[in-house]
Amino acid sequence: MKTFLQFLIYMLLAVVAIVMGVILGDYGSWYFAWFVGTAMIVLVAAAGGAWMDAHDGTVDETEPAGH
Amino acid sequence: MIDSTVVELSRWQFAVTALYHYLFVPLTLGLSFFIAAVETVYVTTGKAIYREMAEFWAKLFVVNMALGIATGLTMEFEFGTNWSFYSGFVGDIFGAPLAIEGLMAFFMESTFVGLMIFGWKRLSKVQHLLVTYLVAFGTNLSALWILIANSFMQDPAGAKFNPVTMRMELDSFSSLIFSHDAQAKFVHTSIAGYVTAAIFVTGISAYYMYRNRHMAMARRSFRMAALFGVLATAGVITLGDALGFVGGQAQPSKLAAMEAMWQTEPAPAAFNVIAWPSQEQKRNLFEVQVPYVLTPLLTHTMTQEIPGVDWIEADAAKRIANGIPAVAALKVLSKDPTNADALAQFNSHQQDLGYGFLVKRYAPDQDVEKATPADIQKAAGDAVPNVFAMFWSFRVMVGLGLAMLAYFVLAVIFSVRNDVENRKWFLRLAPWMIPIPFIANEFGWLTAEIGRQPWTVYGLLPTWMSASSHSVGYMVFSLIGFVTLYTVFIVIEMTLMVKFIRKGPSSHGHGDHAPPRPALGGRAAAVAMMRKED
Chain A
1 MKTFLQFLIY MLLAVVAIVM GVILGDYGSW YFAWFVGTAM IVLVAAAGGA WMDAHDGTVD
61 ETEPAGH
Chain B
1 MIDSTVVELS RWQFAVTALY HYLFVPLTLG LSFFIAAVET VYVTTGKAIY REMAEFWAKL
61 FVVNMALGIA TGLTMEFEFG TNWSFYSGFV GDIFGAPLAI EGLMAFFMES TFVGLMIFGW
121 KRLSKVQHLL VTYLVAFGTN LSALWILIAN SFMQDPAGAK FNPVTMRMEL DSFSSLIFSH
181 DAQAKFVHTS IAGYVTAAIF VTGISAYYMY RNRHMAMARR SFRMAALFGV LATAGVITLG
241 DALGFVGGQA QPSKLAAMEA MWQTEPAPAA FNVIAWPSQE QKRNLFEVQV PYVLTPLLTH
301 TMTQEIPGVD WIEADAAKRI ANGIPAVAAL KVLSKDPTNA DALAQFNSHQ QDLGYGFLVK
361 RYAPDQDVEK ATPADIQKAA GDAVPNVFAM FWSFRVMVGL GLAMLAYFVL AVIFSVRNDV
421 ENRKWFLRLA PWMIPIPFIA NEFGWLTAEI GRQPWTVYGL LPTWMSASSH SVGYMVFSLI
481 GFVTLYTVFI VIEMTLMVKF IRKGPSSHGH GDHAPPRPAL GGRAAAVAMM RKED
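Line by line, the protein sequences give chains A and B.
Under the numbering used here, think of the first position of the first sequence as 1, with each following residue one higher.
Under the numbering used here, think of the first position of the second sequence as 1, with each following residue one higher.
Careful, some of the hints might be misleading.
Claimed, not checked - Label pairs and their calculated CB-CB ranges:
{"no.": "1", "chain 1": "A", "residue 1": "V36", "chain 2": "B", "residue 2": "L19", "range": "45 to 55 Å"}
{"no.": "2", "chain 1": "A", "residue 1": "L5", "chain 2": "B", "residue 2": "Q304", "range": "49 to 59 Å"}
{"no.": "3", "chain 1": "A", "residue 1": "Y10", "chain 2": "B", "residue 2": "Q263", "range": "19 to 29 Å"}
{"no.": "4", "chain 1": "B", "residue 1": "F77", "chain 2": "A", "residue 2": "L8", "range": "45 to 55 Å"}
{"no.": "5", "chain 1": "A", "residue 1": "M20", "chain 2": "B", "residue 2": "S348", "range": "36 to 46 Å"}
{"no.": "6", "chain 1": "A", "residue 1": "Y10", "chain 2": "B", "residue 2": "F85", "range": "33 to 43 Å"}
Since the hints were made in silico from the structure, they are not lab data.
A virtual CB, placed ideally from N, CA and C, is assigned to each residue, including glycine.
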């Protein structure tokens with residue numbers, strides 16, 4: 001159920017993004033590109049960090065939830 | 001007429017303060033999103049090292065941001081003090097984005113940056129992450145509104161001259177914020193900031209790795225910044241091309257100067273890789289060309305003609321002649337706004353009003369109606385910016401951009417192979433790369449702003465008309481004052497940065513003073529070390 005809800009949320013986000021892209025169309029297409037591009041750059045960089053930890057199999061220093 | 005020395009000193013003052021200010025801005029734009037990326041990993045993995053990283057880079061971010069704000073505030077006052085005619089003429093349009101920047105973006109970033117720094121113990125992880133993203137969006141929104149205002153000066157969209165109030169008035173807010181120049185400039189500039197931050201982070205991380213200090217943080221920061229940087233550099237180059245395309249259509253004189261193209265050539269024109277332009281002789285004393293490349297590069301076609309300096313001057317002369325009746329009509333309307341004949345004359349020539357103003361300084365008694373063909377020709381010559389400065393500032397920016405792309409490609413390869421620490425030459429090179437994006441950013445700014453000359457508002461308001469009528473002494477005194485003050489700011493910034501970098505993360509001791517490197521090579525050594533330290 002949780003996975004399904006996550007899927008729905010991501011689908012909704014994708015639909016919103018596509019609709020925004022269509023509506024902005026000729027007017028704000030580069031602003032939209034900035035938004036998408038920035039998100040991608042941030043996420044790829046974040047994935048790089050997570051990837052390093054996953055590959056190294058480092059000692060877990062995970063904090064308890066909340067702090 | 002305002003003393004030409006005062007106008008020059010006003011230009012110098014703005015250029016100097018803007019160049020100082022612009023040393024701080026790009027790092028703020030990029031580092032904010034880099035910190036957000038680091039904190040995203042912290043929230044998703046829960047590993048303490050990422051919080052330590054986020055806190056460390058945030059410390060450097062705040063130092064930089066504070067000095068960026070301090071140097072930026074004075075610039076806004078300069079519009080009123082040194083460019084009062086300009087402010088009166090276009091204040092209706094120029095003021096709107098600046099006001100929104102102050103009220104929305106600046107307040108947003110300033111408010112949330114406090115929470116970002118001091119809120120670690122008071123907010124949950126997700127709340128803090130949200131705050132960090134809001135800081136990043138706030139800083140970039142600041143840049144957005146400033147660049148919308150600047151873009152109006154480059155490509156005045158969404159405004160109309162009102163002959164009754166004798167000033168430009170906002171006609172369409174959406175045209176102003178969605179102008180192609182505003183959009184292209186914002187995406188190019190903000191992503192250049194990301195590149196700056198990525199080089200800054202990789203440089204400092206490489207310094208730590210070279211010194212074998214704070215290894216856990218340095219390796220992760222390096223990997224993340226290398227990926228952040230390689231994508232951002234590819235983006236900034238692509239978007240730079242887009243900006244050149246848009247700018248070329250809106251400002252053909254800037255494009256002709258940037259490419260040192262003195263004569264309009266049939267398409268496809270040759271590209272000057274290197275040249276030594278001479279403004280006096282209106283030709284390149286020396287040039288190395290690649291045939292057929294310029295036209296597809298600038299127009300994305302093989303057939304579209306690119307106007308050269310000869311075309312720019314001929315067009316300016318025509319437009320000056322057409323603009324003179326508009327200026328003359330304006331003189332009548334200033335005394336009698338209801339004069340229908342003058343209004344009709346103004347309306348039929350208003351598209352060249354700015355060009356009419358351009359000849360005023362050469363016309364006898366500043367009466368444009370007395371301007372001779374020689375005066376018009378002289379004013380038309382002014383329509384071309386400084387070709388040498390444009391040509392070389394553009395090439396320095398582009399050359400450094402390509403060098404940074406090569407650097408990031410190597411950084412990613414070495415980091416992904418986990419053998420960056422074995423590349424001592426690369427670790428030594430990385431800190432020396434830190435000034436490169438700052439230099440590229442400064443030259444980018446020079447390209448944009450020198451290329452706009454002789455206009456403060458392209459095609460509408462000549463620079464020589466825009467300044468305030470101060471004394472030369474006042475301008476010299478204030479210029480020296482600004483240079484002194486801003487130099488002190490830079491010294492403070494550098495001192496604080498070096499102090500924090502030397503100290504490193506206020507750590508839980510992660511990887512600090514790591515044990516001697518194992519006698520293994522390449523990836524195996526790196527993995528072994530990481531396991532040991534982490």
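Which of the listed hints are not met by the structure? 1, 3 and 6
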